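Chains as they are written, first to last, in the working numbering: chain A, 1 to 491; chain B, 1 to 131.
Keep in mind that the hints were calculated from the coordinates and are not lab data.
Careful: at least some of the hints might be erroneous.
Cβ pair distances, simulated, as ranges [unchecked claim]:
id	chain 1	residue 1	chain 2	residue 2	range
1	A	His172	B	Glu99	34 to 40 Å
2	A	Asn162	B	Pro66	43 to 49 Å
3	A	Asp427	B	Pro4	31 to 37 Å
4	B	Asp94	A	Glu246	29 to 35 Å
5	A	Gln307	B	Asp29	21 to 27 Å
6	B	Asp29	A	Pro471	35 to 41 Å
7	B	Gly67	A	Asp265	18 to 24 Å
8	A	Ser223	B	Glu119	24 to 30 Å
9	B	Pro66	A	Thr166	38 to 44 Å
10	A	Thr166	B	Glu119	33 to 39 Å
Keep in mind it's a predicted model, so treat the numbers as computed, not measured.
Quick reminder that beta carbons are idealized off the backbone N, C-alpha and C, glycines included.
These are the residues of each chain, in order.
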Amino acid sequence: MPIIICVDDEKSILNSLQMELVSALGDEYLIETAEGGFEALELFEKLLEDNYEIPLIISDCMMPDMPGDELLKYIHTISPKTFKIMLADQTNTDAIVNALNHADLYRYIPKPWDSGELILTVYEAIKSYFKDQLLEEQNEALKEMNTTLQERSETLVQTLDNLKATQQELIHSEKMITLGQLIAGVAHELNTPLAAIRSSVENILNFLKALEQLPPFFQMLCSEHQQDFFALLKKSIQQTPLSSKEKRQLRRTLVRQLNEHAIEDATTVADTLVDMGIYEIEAFLPLLTDSKSETILEKAYQLAGLQKSAQTITFASERAAKVVFALKSFARYDQTGKKTPSNLIEGIETVLTLYHNQLKGGVELIKNYTELPQVMCYPDELNQVWTNLVHNALQAMSNKGTLQIDVALQDNQILISFTDSGPGIPDEIKSKIFEPFFTTKPAGEGSGLGLDIVKKIIEKHNGRIKVDSIPGKTTFTVSIPVNPNEETCHV
Amino acid sequence: MSKPVILCVDDEAVVLDSLKIQLKQEFGDTYFYEFAESADEALEIIDELHEEEVEVFVIVSDWLMPGMKGDELLIRVHEKFPNIIKVMLTGQADDDAIERAHHKAHLHRCLHKPWDGKELIETIKSGLATL
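In isolation and in its complexed conformation, chain A is listed as follows (with noise of 0.2 Å):
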């Protein structure tokens, strides 16, 4: 039961006041006396040492021991939820004064006290004591609650960063599994490099081996056959590219010539011409119809070889540092997570590059592009969106078809298609193909993230991608702003 503590020296007043507190409030409340302020202050430390409640004192102001408004200053730094009544008269200002700027006084009331003014005022105080009480409670409650929030919210706002952590690595392991279905192309293009650099090689050191032959061959050759030897090796250095079929009818064409000159084993002399890349024999006749013409011929093959052998190393290493180049951007992760001016045109590049050896398989190539702005943007990811359409859209017309990129620049933005002349998305399907984990593949074979993230890559650019498909004819449209202030919108 809560305790309402009464003060006064003197004892018929104590207990008068106690009487009516009785009566008013017997059923609810102990109402508890103290002849002074030292025992007030005692009796009041050991209740609130037993836990009681004290919603309210009632205090004389002018007793021996101690003032009334010094002891409810000195109740009120114990306990400064207890309302605190002083009962004082005019004279006693000063003491209001105090205990109303120093202990919180609730009222005075002036001594004698009426008594219907005293219960009411000690009803309000109690009621105000409980109030006060609820809302602190109250508060008390909406604080753990602002807490529990708060925590919650820096757990949501740790789990969001885990996410984007593991975004951002499903992006990478996607990349990494798309470079590794890549890899087994990737080898074979750079096996043909590497095939023609090894025998180019050992061309060149089976000519050194023979090399003391050649100081007697030129000594053979007479002045006059010198020159149109060298004339000859001139010519064959200049040699334009030819397809198997155009050298086949050149070698026709010498071959008849030949034959009208009378010029023996036409068609391996014909041969050994077009290898050359000589395909006009008339400032040549004098050498081909020598007695030795069939040495002077194997010499400028032999030289000739040479030539060509280190213009075939040449190209071939050129062609195996465009694939080392095209892996290398390909599989590069930037961490900086800063935009970087690029042209979108090179990444599409880099990525046929990579495709190479798939698409020539059976997939005509069709491009129509048209000269592009830097933009500001993650090139490797890019990358990874123009692979993952590159793929789908080998995978959808099964390595054998059309497939048709085109690129545009219309009001401010990029235009990016892919298109494949595969069956076709159907209709039932077409809604999903952009949601995460869809996937039309066996399970364990493709983690149906490809096209989510191509979405997600592409919205962090601020553009968009969207997909028209009939049979025959499906066109996958990116379409990137050109204009870099755009940025920053999108989260």
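Guided by the hints, dock chain B onto chain A, whose structure is given.
Leaving out everything else, chain B in the frame of chain A:
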């Protein structure tokens, strides 16, 4: 009488050039060398040579080419000319394709790119020895 022919098929001109140099260096004028950049072209050449009564001894073919693949080419060749020695030279070993070529085209051997010149010559020689 024309010399017998060794026919090489690859869509990469640079590979054909290399093959020609290696073959000519080893076999010189003993054979004649023909080159095709696709399977269709190879079939055309074989037919032409057949009409001209020139014999094809060996065919060396790439596997991954635009259009018809190497295994199919060799199978087709085998159906018409079972005696031609068939060699596959590939950068991408598709096991099924090689298996098919072994079964249906009596594939002599499969070499892998980048190939070793000596190995190529040995392969062709060992093939020719079975004729």
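Now the hints, each set against the structure:
In this structure, A/His172 and B/Glu99 meet the distance hint of 34 to 40 Å, their C-beta atoms being roughly 37 Å apart. Distance hint for A/Asn162 and B/Pro66: a CB-CB separation of about 48 Å, consistent with the stated range 43 to 49 Å. The hinted range of 31 to 37 Å is not satisfied by A/Asp427 and B/Pro4, whose Cβ atoms lie roughly 60 Å apart. A beta carbon spacing of about 31 Å between B/Asp94 and A/Glu246 agrees with the range 29 to 35 Å that was offered as a hint.
At roughly 22 Å, the beta carbons of A/Gln307 and B/Asp29 sit within the given window of 21 to 27 Å. Between B/Asp29 and A/Pro471 the Cβ separation comes to about 56 Å, which falls outside the hinted range of 35 to 41 Å. For the hinted restraint 18 to 24 Å between B/Gly67 and A/Asp265, the CB-CB distance of approximately 35 Å leaves it violated. At about 44 Å, the beta-carbon gap between A/Ser223 and B/Glu119 misses the expected band of 24 to 30 Å.
Separation of B/Pro66 from A/Thr166 is about 42 Å and conforms to the stated range, judged on CB atoms against 38 to 44 Å. Between A/Thr166 and B/Glu119 the beta carbon distance is about 50 Å. The supplied range of 33 to 39 Å is therefore violated.
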